[in-house]
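Taking my numbering, the leading residue of the sequence shown gets 37, the next gets one more, and so forth.
Honestly, the hints are just simulated from the structure, not real lab data. A few of these clues could be false.
In silico DSSO-like links for lysine-lysine, alpha-carbon gap of 27 Å or less [unchecked claim]:
no., residue 1, residue 2
1, K261, K226
2, K173, K139
3, K226, K337
4, K253, K324
Label-pair restraints from in silico Cβ distances [unchecked claim]:
no., residue 1, residue 2, range
5, P254, E78, 19 to 29 Å
6, R86, K284, 39 to 49 Å
7, T266, P140, 47 to 57 Å
8, P75, T266, 44 to 54 Å
9, T266, G376, 21 to 31 Å
10, A106, G183, 10 to 20 Å
11, K284, S177, 47 to 57 Å
12, K261, H81, 44 to 54 Å
13, E227, S77, 49 to 59 Å
14, P256, K339, 19 to 29 Å
15, F82, P143, 14 to 24 Å
16, L199, G264, 16 to 26 Å
17, D185, A247, 42 to 52 Å
We put the CB at the ideal spot given by N, CA and C, even for glycine.
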Amino acid sequence: MPPSKPPSLHPFLLIVLVLVPATNAIGVNYGTLGDNLPPPSEVAHFLKTRTIIDRIRIFDVNTDIIKAFANTNILVSVTVPNGDIPSLADARNARRWVDTNIKPFYPATKIHYICVGTEVLHWGPQNLIDNLVPAMKVLHSALVKEGFDEIKISSPHSLGILLSSVPPSNASFRPGWDVGSLAPMLEFLKETKSGFMVNPYTYFGYSPANANFCLFKPNPGLFDKGTGITYTNQFDQLMDAVHVSMKKLGYPDVEVVVAETGWPSGGDPANVHANPANAAAYISGLMKKVNSGEGTPLMPKRKFETYIFALFNENLKGPSLDEKNFGLFRPDFTQVYNVGIMHASQAPSPSPIASATADGPSSSADAPSSSGGPFDDAPFFNKTTPFTSSPGQAPPGSIAAGPTVNANVRDSSLGTTNLNFAARFAATIILVTTLFV
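Please model the entire structure based on the sequences and the hints provided.
Below, the structure written as structure tokens:
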């Protein structure tokens, strides 16, 4: 009797299997500015076994975190401190940096990106700006010599690099930064097939009149006469403003990576829009947007690599309560609000409304983070600043010249340098609010 053939699937079942979408995935920024965060080993296990998060970005080269994510299959992006940038423009120093910070851990830990600094152009000083692209190139060469070709190099930017973003068709990078730094950086990213990293925060463009526009909710939209496009959310508007600015320099096809974006679930009393319901609305809308693959009006069918800010609430950040409450999770791994980050089999956390009632819109009691590292990973803004100084000079409200004047990063060489949230806010102008009032 001949062996029986294995049963074949019905053609209809094959079609159904093909049409089943891949599991959604998202990245997250893993900050460590708190005194009550769980150890990295527990964080790595939690993300791997209980969430859809498949990549993280850290604001330093914390070896405890890097080692904890070994053999998890979770991508890890690390950050070069701003103050280290000039030294990495030297080939010997770059090789030494790779030997110390990458070689002992890769490929067991899937190091994905090395972020060279954070928002360097916006905060300067000029010495860092001048050395940024050379350091990126030299560091890439050091990786290639070690055979680590798959590790990418980039550098995240606040949207302060934009001269304007409204309407997107008129957007452009700030003069001086455009051809002096961004054009050569984009050329490097194109050659190495790496992404251009930006930090679009619709939270900082909020006003009561444009709330739905910021939160992916139904709204009349923003009409761009230059293209005939009506924008239905601020995320698309900001991303297309970046795209137009890149296109004007001749680099429309370089991928755009959303290095940071988020919405706080609590904040100072005046910021009533910082609450769990709004945070849930923004993050769920963001996840739907980036996982759909629909892209934006000017970048259709693109699926942006995206990192939510942030993994945990972080109780050592500040001084604003907003900065303490950007997390998806509390230190005990309970969700601040439920937007589908946990695997479907996991029990959901309380609804955003329940969380708002329990914690209050300004609650920071359960804000977390681990042993405070050298980086203040507070988000900056999606707004342009009305200063007219030369590129690289610190805008009003920032710390004046020094080894590093970066709102997101606290370099270890400077100890505990921190910029005042309120001063930074006062020094900025909202890109879109005036269109809704």
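Hints and how they fare:
no.: 1; hint: K261 / K226; verdict: 30 Å, violated
no.: 2; hint: K173 / K139; verdict: 18 Å, holds
no.: 3; hint: K226 / K337; verdict: 19 Å, holds
no.: 4; hint: K253 / K324; verdict: 12 Å, holds
no.: 5; hint: P254 / E78: 19 to 29 Å; verdict: 40 Å, violated
no.: 6; hint: R86 / K284: 39 to 49 Å; verdict: 44 Å, holds
no.: 7; hint: T266 / P140: 47 to 57 Å; verdict: 52 Å, holds
no.: 8; hint: P75 / T266: 44 to 54 Å; verdict: 48 Å, holds
no.: 9; hint: T266 / G376: 21 to 31 Å; verdict: 28 Å, holds
no.: 10; hint: A106 / G183: 10 to 20 Å; verdict: 19 Å, holds
no.: 11; hint: K284 / S177: 47 to 57 Å; verdict: 29 Å, violated
no.: 12; hint: K261 / H81: 44 to 54 Å; verdict: 52 Å, holds
no.: 13; hint: E227 / S77: 49 to 59 Å; verdict: 37 Å, violated
no.: 14; hint: P256 / K339: 19 to 29 Å; verdict: 27 Å, holds
no.: 15; hint: F82 / P143: 14 to 24 Å; verdict: 23 Å, holds
no.: 16; hint: L199 / G264: 16 to 26 Å; verdict: 23 Å, holds
no.: 17; hint: D185 / A247: 42 to 52 Å; verdict: 45 Å, holds
Comparing the model with each numbered hint stated earlier shows that hints 1, 5, 11 and 13 do not hold.
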